[in-house]
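Each step along the sequence shown adds one to the number in numbering that gives the first Met the number 0, with nothing skipped, and position 376 is 375.
Rather than coming from a laboratory, the hints here were simulated on the basis of the structure. Some hints could be false.
Unchecked claim - Below, a list of computed lysine-lysine pairs in the BS3-like style, where the Cα atoms sit at most 27 Å apart:
{"#": "1", "residue 1": "Lys423", "residue 2": "Lys380"}
{"#": "2", "residue 1": "Lys588", "residue 2": "Lys337"}
{"#": "3", "residue 1": "Lys642", "residue 2": "Lys622"}
Unchecked claim - The following label-pair restraints were derived from C-beta to C-beta distances:
{"#": "4", "residue 1": "Lys642", "residue 2": "Ser690", "range": "17 to 25 Å"}
{"#": "5", "residue 1": "Ala689", "residue 2": "Val644", "range": "23 to 31 Å"}
{"#": "6", "residue 1": "Glu491", "residue 2": "Glu229", "range": "41 to 49 Å"}
{"#": "7", "residue 1": "Val395", "residue 2": "Asp228", "range": "25 to 33 Å"}
Every residue gets a Cβ at the ideal spot worked out from N, C-alpha and C, and that includes glycine.
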Amino acid sequence: MKFLNLFLIFCLLFVIFEPVSASLKPSGPRQNVSLDGEWEVAQGTMSDRPESFDHAVPVPGLVDMAKPAFDKVGIKSDLREAFWYRQSFTIKGDIPAVSILKLHKAKYGSKIWVNGEMIAEHPPSFTPGYFDVKSVLKGGGQENEIVIRVGADRESLPQDRPNGWDFEKYRYIPGIYDSVELILTGKPYVRNVQVVPDIDARQVTIVAEIEADDPDVDVSAEVTTASADEPVGTATASGLNDDGKVTMTIPIPNCHLWSPEDPFLYQVTIKTDGDAAKSRFGMRSFHFDPVTKRAMLNGKPYYMRGSNITLLRFFEDSARGDLPWREQWVRDLHRKCKTMHWNSLRYCIGFPPEFWYDIADEEGILIQDEFPIWTLNPGAKPPESPKTEHIVPQYVDWMRERWNHPCVVIWDAQNESETDQTGKALMQVRRLDLSNRPWDNGWGEAQSKSDCLESHPYLFSAVEWGNKPFKLSDLAKLDGTPKVYQNQNVNEHAIIINEYAWLWLTRDGNPTCLTQKVYKDLLGSNSTVAERREIYARYLAALTEFWRAKRKCAGVLHFTVLGYSRPGDIPRPEGGATSDHFLDVEALKMDPLFEQRVKDAFAPIGLMLDFWQSEMSAGGTKKFKLYVTNDLPSEFTNEIVVKLVRGNDVLTQQSFRPVVAAFGQQIQSLEMEFPSEQGEYELVAEYQDASGETVTSRRPFRIIKNDS
Numbered sequence: 000m001k002f003l004n005l006f007l008i009f010c011l012l013f014v015i016f017e018p019v020s021a022s023l024k025p026s027g028p029r030q031n032v033s034l035d036g037e038w039e040v041a042q043g044t045m046s047d048r049p050e051s052f053d054h055a056v057p058v059p060g061l062v063d064m065a066k067p068a069f070d071k072v073g074i075k076s077d078l079r080e081a082f083w084y085r086q087s088f089t090i091k092g093d094i095p096a097v098s099i100l101k102l103h104k105a106k107y108g109s110k111i112w113v114n115g116e117m118i119a120e121h122p123p124s125f126t127p128g129y130f131d132v133k134s135v136l137k138g139g140g141q142e143n144e145i146v147i148r149v150g151a152d153r154e155s156l157p158q159d160r161p162n163g164w165d166f167e168k169y170r171y172i173p174g175i176y177d178s179v180e181l182i183l184t185g186k187p188y189v190r191n192v193q194v195v196p197d198i199d200a201r202q203v204t205i206v207a208e209i210e211a212d213d214p215d216v217d218v219s220a221e222v223t224t225a226s227a228d229e230p231v232g233t234a235t236a237s238g239l240n241d242d243g244k245v246t247m248t249i250p251i252p253n254c255h256l257w258s259p260e261d262p263f264l265y266q267v268t269i270k271t272d273g274d275a276a277k278s279r280f281g282m283r284s285f286h287f288d289p290v291t292k293r294a295m296l297n298g299k300p301y302y303m304r305g306s307n308i309t310l311l312r313f314f315e316d317s318a319r320g321d322l323p324w325r326e327q328w329v330r331d332l333h334r335k336c337k338t339m340h341w342n343s344l345r346y347c348i349g350f351p352p353e354f355w356y357d358i359a360d361e362e363g364i365l366i367q368d369e370f371p372i373w374t375l376n377p378g379a380k381p382p383e384s385p386k387t388e389h390i391v392p393q394y395v396d397w398m399r400e401r402w403n404h405p406c407v408v409i410w411d412a413q414n415e416s417e418t419d420q421t422g423k424a425l426m427q428v429r430r431l432d433l434s435n436r437p438w439d440n441g442w443g444e445a446q447s448k449s450d451c452l453e454s455h456p457y458l459f460s461a462v463e464w465g466n467k468p469f470k471l472s473d474l475a476k477l478d479g480t481p482k483v484y485q486n487q488n489v490n491e492h493a494i495i496i497n498e499y500a501w502l503w504l505t506r507d508g509n510p511t512c513l514t515q516k517v518y519k520d521l522l523g524s525n526s527t528v529a530e531r532r533e534i535y536a537r538y539l540a541a542l543t544e545f546w547r548a549k550r551k552c553a554g555v556l557h558f559t560v561l562g563y564s565r566p567g568d569i570p571r572p573e574g575g576a577t578s579d580h581f582l583d584v585e586a587l588k589m590d591p592l593f594e595q596r597v598k599d600a601f602a603p604i605g606l607m608l609d610f611w612q613s614e615m616s617a618g619g620t621k622k623f624k625l626y627v628t629n630d631l632p633s634e635f636t637n638e639i640v641v642k643l644v645r646g647n648d649v650l651t652q653q654s655f656r657p658v659v660a661a662f663g664q665q666i667q668s669l670e671m672e673f674p675s676e677q678g679e680y681e682l683v684a685e686y687q688d689a690s691g692e693t694v695t696s697r698r699p700f701r702i703i704k705n706d707s
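With the hints as constraints, model all of the structure from the sequences given.
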């Protein structure tokens, strides 16, 4: 039996590692040959290649997916210093003039060999590397070998380089977590393309970076629709400038604008005599209005509503598996977000695989793209302190990879860090983006009036730090201006709330290590899962309604739709500090009550009952207000019903038809007779949207005995 098992393993490995084969012509157009699939992997030292590779691992993926499994992956261990990946492939025909190996993303730090020759070291763990391998490749069907060594943990990188430290993580799982490919083509070689839409002039400018032996080259550009490949326009140019670039402009008189509601995509093809490169783009503009402090999409106000995805945290979740690399699951995740009335996401404290951005382009979601730097405040002394000189080249590679994605609307330099290093770095690179996207510099100083600030008003965190617990009724005392740090220059910039609440529950309905005191204060020591889930849904909805209705922010993005979920009853960091909202992450199933309440709170026509009392005296007429907030470019006149209910019984109700201008708001004063009988009641405001769904704002309260 033992011999049979070994024989079966040998057969499996033989099938898995059958060489990848690429068939190509002697010269262009280019072929992008994927080296994704099953690779061999072994653990070892940083300096010595392992004698054998006896594990299999998917690329893209993480090392903890290896078969057989390695022990203690993602934590500092005497078992290894590095993991070594190996793959073989063949190329039919001659090796072309340009042969580039692209390593999309791998952590932590990479070193690459091809056919035994060391090609390069690539310390960045979150941005791609391009490596010239022409001199070492073998053609004619001969076997080629590629070996990539990655550091076994975050500490493989120096402290002065971005290494992805995260207060909430305790496993830093290494691996080639994005694609590996060969770019095989001729010269002149199209190294990079930047597409710059101008929706006012109804044209697009293409800046192509060309590698050529002679600057006197001819370059052409053709724009088509991305879905139907219908011709839109062409342009040609001769000769490169001193930077090796050529600029062409193509009119698109009847251009179809890209937006989350209508994510229409174009494609540009750049051709030389030896190469052809394609890139998709959208005709859209995005900036923050310096007067109104509002986001402007395609020249009109646009209110950002959404959530966060912390994928690098999800990497250490027990339910992760291969989900981040399943295209359909990733697409369904983004579609789930759209059903919640979210038009925006912050890819928080780390980048996903590159195809995620393609999906965000196609599905229509605005992305605040956050580079994984988190140092908190200067007194926190985190185990990393990246310096400007090491941040700048990674910012450059990040921007060059992403600047044609219409979904990416904000470069986010860092997360919650009071450092001056990221501000210095972004000022050195921002001119490279010819679309002039705004930047967010975390808790650092904003560098331009065109940039935005982030705010994290975690009101319910007060009890965690030993302060007076926050009550929902305390919202009545606030004017809706979120707190930012003094050095962020609050008076000059748009503000995005991209984290708030501090009410996380794990997927099994228990508090995290950061919310145990919150739920004890709200519900006592013996609360049930159902009680906690009900209050989470209700309170997060109420907070969302509040921040949206006060209109002091350009965006409201809660934290977080996808992250890890760990038991919260053990000390940090092993105990989960935050959590996402899924009951079943693979099925993308949320608690139904949570989903409905939060979805209603994010509806484009938002309702907020400005009624925060948890107890009311019996009888009498009560006055309150209802905020009706219109995020849409059209007038809202639907009937709104406000009713007082007890259980399933409607005790009294009234209705009205507001006239709320596009992007406007109406605050309706109301009064209602309240019952004299003690008990549990609920005030409800609702309307039916264009699809026939009912959108509500709800405030439960208790009527108590009137002592008078």
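A quick look at each hint next to the structure:
1. Lys423 / Lys380: 20 Å, holds
2. Lys588 / Lys337: Holds: Lys588 and Lys337 sit about 14 Å apart, inside 27 Å.
3. Lys642 / Lys622: Holds, at roughly 13 Å.
4. Lys642 / Ser690: 17 to 25 Å: 22 Å, holds
5. Ala689 / Val644: 23 to 31 Å: Holds, at about 25 Å.
6. Glu491 / Glu229: 41 to 49 Å: 44 Å, holds
7. Val395 / Asp228: 25 to 33 Å: 32 Å, holds
Of the hints listed earlier, there is not a single one the structure fails to meet.
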